[in-house]
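So the sequences go chain by chain: A and B. For the first sequence, the numbering used here gives the first residue as 1, with consecutive numbering after it. For the second sequence, the numbering used here gives the first residue as 114, with consecutive numbering after it.
No lab work stands behind these hints: they were computed from the structure. Warning: the hint list may mix true and false statements.
With a Cα cut of at most 25 Å, we get these calculated PhoX-like pairs of lysine-lysine [said to hold, decoys possible]:
(1) K105(A) / K170(B)
(2) K70(A) / K105(A)
(3) K51(A) / K100(A)
(4) K191(B) / K127(B)
(5) K51(A) / K70(A)
(6) K191(B) / K100(A)
(7) K100(A) / K127(B)
(8) K124(B) / K191(B)
(9) K191(B) / K170(B)
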Amino acid sequence: GQQLNQSPQSMFIQEGEDVSMNCTSSSIFNTWLWYKQDPGEGPVLLIALYKAGELTSNGRLTAQFGITRKDSFLNISASIPSDVGIYFCAGADSGGSNYKLTFGKGTLLTVNP
Amino acid sequence: GAGVSQSPRYKVAKRGQDVALRCDPISGHVSLFWYQQALGQGPEFLTYFQNEAQLDKSGLPSDRFFAERPEGSVSTLKIQRTQQEDSAVYLCASSSRWELFFGEGSRLTVL
Numbered sequence: 001g002q003q004l005n006q007s008p009q010s011m012f013i014q015e016g017e018d019v020s021m022n023c024t025s026s027s028i029f030n031t032w033l034w035y036k037q038d039p040g041e042g043p044v045l046l047i048a049l050y051k052a053g054e055l056t057s058n059g060r061l062t063a064q065f066g067i068t069r070k071d072s073f074l075n076i077s078a079s080i081p082s083d084v085g086i087y088f089c090a091g092a093d094s095g096g097s098n099y100k101l102t103f104g105k106g107t108l109l110t111v112n113p
Numbered sequence: 114g115a116g117v118s119q120s121p122r123y124k125v126a127k128r129g130q131d132v133a134l135r136c137d138p139i140s141g142h143v144s145l146f147w148y149q150q151a152l153g154q155g156p157e158f159l160t161y162f163q164n165e166a167q168l169d170k171s172g173l174p175s176d177r178f179f180a181e182r183p184e185g186s187v188s189t190l191k192i193q194r195t196q197q198e199d200s201a202v203y204l205c206a207s208s209s210r211w212e213l214f215f216g217e218g219s220r221l222t223v224l
């Protein structure tokens, strides 16, 4: 089946630093999504990308849908302590099962104040 | 309610017991999904409903897993004869278009 490789697995940064994480896939997706999950909570959508090459921002977050449709990255600028959590990329299939999301294994972000 | 509600939040079961996990989706959301999230992993797709119709159950790991949504609203995920490998967080999500809204999950621990 499809697999998403998400890196890095974890990051430890100082407050105020910028962060970058990415996902690569063995196959094409027609939608890329980035989620954040806090402990004991469900994932919350941060950014959705629908077109290859698309660059989208949401406050301090910026994400891009790779031209090949097999990768995406997420940048967080000027990190703050509440950015702590696990960030997941997810891709939606092209074709008939485009409702089904495949998730990466997550990037654990720790921000030191 | 405003969001997706799941119950119970925590369930401890002895191996071999049956469990039922409930999901109340956001009112009016046609699509409902169940995902399984093992410790340290991302969520994995289990099954998908559009209204009361279960359109995809390809992610259910075995025939011990059964999901239903008889009236197109509340859904129940049932696991029969639980095994230790069933221990995970079971996430329910609903959507009206693309954005999936997840519940807080039901954490199942099988002893």
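Going through the hints against the structure:
Of the supplied pair hints, the one linking K105(A) and K170(B) holds, its CA atoms being roughly 22 Å apart against a limit of 25 Å. With a C-alpha separation of about 16 Å, the suggested pair K70(A) and K105(A) falls inside the 25 Å cut-off, and the hint holds. The suggested pairing of K51(A) with K100(A) holds, with an alpha-carbon distance near 18 Å, which does not exceed 25 Å. In summary, the hint linking K191(B) to K127(B) is supported, as the alpha carbons are separated by about 15 Å, within the 25 Å threshold.
A C-alpha spacing of about 12 Å is found between K51(A) and K70(A), which places the hinted pair at or below 25 Å, so the restraint holds. Only pairs whose Cα atoms come within 25 Å are accepted, and K191(B) paired with K100(A) is accepted, the gap being roughly 21 Å. Distance restraint check for K100(A) and K127(B): the Cα-Cα separation of roughly 31 Å exceeds the 25 Å cut-off, and the hinted pair is therefore not satisfied. A distance of roughly 13 Å separates the Cα atoms of K124(B) and K191(B); the hinted pair therefore holds under the 25 Å criterion.
Taking the CA atoms of K191(B) and K170(B), the gap is near 13 Å; set against the 25 Å cutoff, the hint holds.
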